[in-house]
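Sequences listed follow chains A and B, in order. So in the working numbering, spot 96 of the first sequence is number 96, and the numbers just go up one at a time. So in the working numbering, spot 78 of the second sequence is number 78, and the numbers just go up one at a time.
Calculated directly from the structure, the hints in this document are not laboratory data. Check the hints yourself; a few may be wrong.
[As the list claims (entries may be wrong)] Every beta carbon over 12 Å from chain B, so not counted as near; a handful from chain A, in silico:
#1 F46
#2 E240
#3 K282
[Claimed, not checked] Under the rule of at most 25 Å between Cα atoms (straight-line distance), these lysine-lysine pairs were calculated in the DSS-like manner:
#4 A:K412 with A:K282
#5 B:K43 with A:K156
#6 A:K156 with A:K250
#7 B:K85 with A:K185
#8 B:K75 with A:K74
#9 B:K134 with A:K48
#10 A:K110 with A:K99
#11 B:K2 with B:K75
#12 B:K134 with B:K85
#13 B:K134 with B:K43
#14 A:K51 with B:K147
#15 A:K48 with B:K85
#16 A:K412 with A:K291
#17 B:K147 with A:K44
#18 A:K166 with A:K185
#19 A:K110 with A:K80
#20 B:K134 with B:K147
#21 A:K89 with A:K44
#22 A:K250 with A:K166
#23 B:K75 with A:K44
#24 B:K43 with B:K2
#25 A:K57 with A:K80
#26 B:K2 with B:K134
#27 A:K156 with B:K147
#28 B:K147 with B:K117
#29 B:K43 with B:K9
#30 B:K117 with B:K43
#31 A:K18 with A:K44
#32 B:K147 with B:K75
#33 B:K137 with A:K156
The C-beta atom is built at its ideal place from N, Cα and C for all residues, glycine as well.
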Amino acid sequence: MGMTMTQKILAAHAGLEKVQAGQLILADLDLVLGNDITSPVAIKEFAKLGKDNVFDKNKVTMVMDHFAPNKDIKAAEQCKMCRDFCGEKEITHFYDVGKMGIEHALLPEKGLVTAGNVVIGADSHTCTYGALGAFSTGVGSTDMACGMAIGKAWFKVPSAVKFELKGCLRQYVSGKDVILHIIGKIGVDGALYRSMEFTGEGLASLNMADRLCIANMAIEAGAKNGIFEVDDITLDYIREHGGAEPVIFKADDDAVYDEVITIDLDNIEPTVAFPHLPENAKTFDEIGDIKIDQVVIGSCTNGRLEDLVAAADIMRGHKCAENVRVIIIPATQQIYLDAMEMGLLRTFIECGAVVSTPTCGPCLGGYMGILAEGERAVTTTNRNFVGRMGHVGSEVYLASPATAAASAITGKITSPWEVMCL
Amino acid sequence: MKYTGNVIKYGDNVDTDVIIPARYLNTSDHNELASHCMEDLDKTFVSRVQQGDIITAGQNFGCGSSREHAPIAIKASGVSLVIAKSFARIFYRNSINIGLAIVECPEAVDGISEGDKVEADLDSGIIRNLTTGKEYKTEPFPEFVQKIIENGGLMQSIANGIIA
Numbered sequence: 001m002g003m004t005m006t007q008k009i010l011a012a013h014a015g016l017e018k019v020q021a022g023q024l025i026l027a028d029l030d031l032v033l034g035n036d037i038t039s040p041v042a043i044k045e046f047a048k049l050g051k052d053n054v055f056d057k058n059k060v061t062m063v064m065d066h067f068a069p070n071k072d073i074k075a076a077e078q079c080k081m082c083r084d085f086c087g088e089k090e091i092t093h094f095y096d097v098g099k100m101g102i103e104h105a106l107l108p109e110k111g112l113v114t115a116g117n118v119v120i121g122a123d124s125h126t127c128t129y130g131a132l133g134a135f136s137t138g139v140g141s142t143d144m145a146c147g148m149a150i151g152k153a154w155f156k157v158p159s160a161v162k163f164e165l166k167g168c169l170r171q172y173v174s175g176k177d178v179i180l181h182i183i184g185k186i187g188v189d190g191a192l193y194r195s196m197e198f199t200g201e202g203l204a205s206l207n208m209a210d211r212l213c214i215a216n217m218a219i220e221a222g223a224k225n226g227i228f229e230v231d232d233i234t235l236d237y238i239r240e241h242g243g244a245e246p247v248i249f250k251a252d253d254d255a256v257y258d259e260v261i262t263i264d265l266d267n268i269e270p271t272v273a274f275p276h277l278p279e280n281a282k283t284f285d286e287i288g289d290i291k292i293d294q295v296v297i298g299s300c301t302n303g304r305l306e307d308l309v310a311a312a313d314i315m316r317g318h319k320c321a322e323n324v325r326v327i328i329i330p331a332t333q334q335i336y337l338d339a340m341e342m343g344l345l346r347t348f349i350e351c352g353a354v355v356s357t358p359t360c361g362p363c364l365g366g367y368m369g370i371l372a373e374g375e376r377a378v379t380t381t382n383r384n385f386v387g388r389m390g391h392v393g394s395e396v397y398l399a400s401p402a403t404a405a406a407s408a409i410t411g412k413i414t415s416p417w418e419v420m421c422l
Numbered sequence: 001m002k003y004t005g006n007v008i009k010y011g012d013n014v015d016t017d018v019i020i021p022a023r024y025l026n027t028s029d030h031n032e033l034a035s036h037c038m039e040d041l042d043k044t045f046v047s048r049v050q051q052g053d054i055i056t057a058g059q060n061f062g063c064g065s066s067r068e069h070a071p072i073a074i075k076a077s078g079v080s081l082v083i084a085k086s087f088a089r090i091f092y093r094n095s096i097n098i099g100l101a102i103v104e105c106p107e108a109v110d111g112i113s114e115g116d117k118v119e120a121d122l123d124s125g126i127i128r129n130l131t132t133g134k135e136y137k138t139e140p141f142p143e144f145v146q147k148i149i150e151n152g153g154l155m156q157s158i159a160n161g162i163i164a
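So that you can see chain A by itself, here it is in the shape it has in the complex (with noise of 0.2 Å):
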C-alpha cells in the first residue's frame, strides 16, 4: 500500500521506511513557530523543563504580529516576553516591528520554509506551507515549547482526502473561491484530522498566492494540514526568496485515499462564506442587496502582492462607497514597499481607504478595525465565527480581495464581475 505525500515526508521525519494512517510517530521538525500571543504561553511552559537553549537557535522563529504594534500595555508585556526571551537563547528569526510581517506571509518571503520541511507553529494557519510542498500544521503553545525544547513532535499520520484539480480559473477568481467553494462543499469538518492533498493538472493556473491561500485555510475545513504537489511554480518561488534546496516527495501511484474531489477550476465562481461559518458558501446567483460597513483586504490568507494587484485593479479610479470603511493590510514590509512602488497605495488612498502598517489586528477581532453591534463586514480574512471581528451581534462576511473591492466601491456585497461589467 503506497503512502500519500504527507505520509512520505512524516515517515522521512520519524527516521521510517513506511507509516500508515491512525499509527503515532515522533517527528523531527524544521522549524518551530509562535506568534506575540502564543508564545508567552510556550516559553512559560519551556521555563518547566530548565533547558538553557532551544534545540536550534536557527530553527525557532517567533513573530510579533497579532496585537503588534502592541495595542495596549498587557500586548506589550507579551511581545516584551517574547523579545526577551529570543534576546536570551539567541534566537536568530526574531521578527519585531519594523522586520514582522503577518506570520504565514513572512515565513516563505524570507526563505524559511522548503518543499519536504516539517513545520510546526503555535497558530492554525500554519497550514499555509503545504502551499510550498512541505507538511506543516498548527499546534498549541505546549507543542510549541517542546518543539524549542527537543525538536520533535508527536502527529497521529493522517489519512487524506485528494482534491484533483482541473481547467484554469477565470477572470477575477482566486484562489480564495476555490478554497471557501471546497469548504462549502465539505463542511468545516469535512477534513477533520486529515491531509487536503492538491494536485491535477489545474494546478498549473495557480499562482503561490492562490496555493498558499488555499492551503491556508485548510485548518477551516478541519483538516491537519494542506499540501501542494510541487511544480516549477513551486520551486521558481522557494529559490527565489532563497530557500533551503527543496526535497521533493510525490505520492505513491497507489496511495490509498479516503476519497478523491475532482475541482473543476474553470466552474468556481466568486464566492462568499456567509456568518458564521466558513462552510456558508454561496455564489452570487443566492445573494441579495446586503448592505456593508467594512471591508478588510489583508490578513495571513490574502495580505500578498497578488491580492493586493486584485483589489487595486478593481478600485482604480473609483471611490469607496459613503459610510464603508476599508483598511488594507499589506501583510508584510516588502508587500508593503512592493505595493507602494506599483503605485497601488495611492490607488487605494485616492479611493478612500486606509492603508496599515503589517498585523493580524481586525482578523481576530483584536484592534484596527473592530465592528459594532450590528455592523457588516466583507473581509478577504478566514474566520467569521460569532464575535470574530468585534460585537458578538456583528457579521463577516468571507471573500476574495476582488469581491471585497468591488463592495467596497458598491457599499454592498458585490461580484468582481458586476462592477468589471464581465
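Starting from the known structure of chain A, fit chain B onto it as the hints suggest.
Structure of chain B alone, referenced to chain A:
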C-alpha cells in the same frame, strides 16, 4: 481516571473564539481567562459553572484557532471533562498536552441532557448517566497518549524522559 459532575450542554462547532474571545488574549493568566470562558456563546456559563462540571457538545468542538488559552480557560473554570461527538484536532491535542480530560462519544452526547449528573471512567471507557441510569462505552486513548496524560501533560513527559 474517574470524573463526576453535572452537565452543561452545547451544540456543534463551538469555536475557540466563543470559548475565549481574542480580545482577552493579551493575557495568559489562567484565572483571568476562566473569568471570560464561553462569554460570546453563553454569558451565564461563568456564574453557573461548578467545580467538577462536565461539558457535553456536538461535532467539531474547539474548531478554529490554535489558542491553548481555550482548553486552559475551560480547565481553570473548574470543568473536569469535555465529552463531544468530535473535537477539532488542535483543541484535541492541546487538551491532552495540558491535561484537560476529553473524550469522544456521540451516543453519550445524544443521551445526556443539560443538568444530568454524569460519571465517566476513562480507564474502562464507561460513561454513566446517573440521572437516567444509562451507560455508554468509549474507546480508550492510545497507549502513547495515555502515557502523556498519566505523566501530567507533555512537558512533564519530557521532564520524566518519556519523550526525548
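Hint-by-hint comparison with the structure:
{"no.": "1", "hint": "F46", "result": "violated, 8 Å"}
{"no.": "2", "hint": "E240", "result": "holds, 29 Å"}
{"no.": "3", "hint": "K282", "result": "holds, 18 Å"}
{"no.": "4", "hint": "A:K412 with A:K282", "result": "holds, 15 Å"}
{"no.": "5", "hint": "B:K43 with A:K156", "result": "violated, 36 Å"}
{"no.": "6", "hint": "A:K156 with A:K250", "result": "holds, 20 Å"}
{"no.": "7", "hint": "B:K85 with A:K185", "result": "holds, 21 Å"}
{"no.": "8", "hint": "B:K75 with A:K74", "result": "holds, 23 Å"}
{"no.": "9", "hint": "B:K134 with A:K48", "result": "violated, 42 Å"}
{"no.": "10", "hint": "A:K110 with A:K99", "result": "holds, 11 Å"}
{"no.": "11", "hint": "B:K2 with B:K75", "result": "holds, 16 Å"}
{"no.": "12", "hint": "B:K134 with B:K85", "result": "holds, 17 Å"}
{"no.": "13", "hint": "B:K134 with B:K43", "result": "violated, 30 Å"}
{"no.": "14", "hint": "A:K51 with B:K147", "result": "holds, 22 Å"}
{"no.": "15", "hint": "A:K48 with B:K85", "result": "violated, 34 Å"}
{"no.": "16", "hint": "A:K412 with A:K291", "result": "holds, 4 Å"}
{"no.": "17", "hint": "B:K147 with A:K44", "result": "holds, 22 Å"}
{"no.": "18", "hint": "A:K166 with A:K185", "result": "holds, 17 Å"}
{"no.": "19", "hint": "A:K110 with A:K80", "result": "holds, 23 Å"}
{"no.": "20", "hint": "B:K134 with B:K147", "result": "violated, 30 Å"}
{"no.": "21", "hint": "A:K89 with A:K44", "result": "holds, 14 Å"}
{"no.": "22", "hint": "A:K250 with A:K166", "result": "holds, 18 Å"}
{"no.": "23", "hint": "B:K75 with A:K44", "result": "holds, 17 Å"}
{"no.": "24", "hint": "B:K43 with B:K2", "result": "violated, 29 Å"}
{"no.": "25", "hint": "A:K57 with A:K80", "result": "holds, 19 Å"}
{"no.": "26", "hint": "B:K2 with B:K134", "result": "holds, 17 Å"}
{"no.": "27", "hint": "A:K156 with B:K147", "result": "holds, 15 Å"}
{"no.": "28", "hint": "B:K147 with B:K117", "result": "violated, 28 Å"}
{"no.": "29", "hint": "B:K43 with B:K9", "result": "holds, 14 Å"}
{"no.": "30", "hint": "B:K117 with B:K43", "result": "holds, 22 Å"}
{"no.": "31", "hint": "A:K18 with A:K44", "result": "violated, 36 Å"}
{"no.": "32", "hint": "B:K147 with B:K75", "result": "holds, 20 Å"}
{"no.": "33", "hint": "B:K137 with A:K156", "result": "holds, 23 Å"}
Hint compliance for this structure: hints 1, 5, 9, 13, 15, 20, 24, 28, 31 are not met, and every other hint is.
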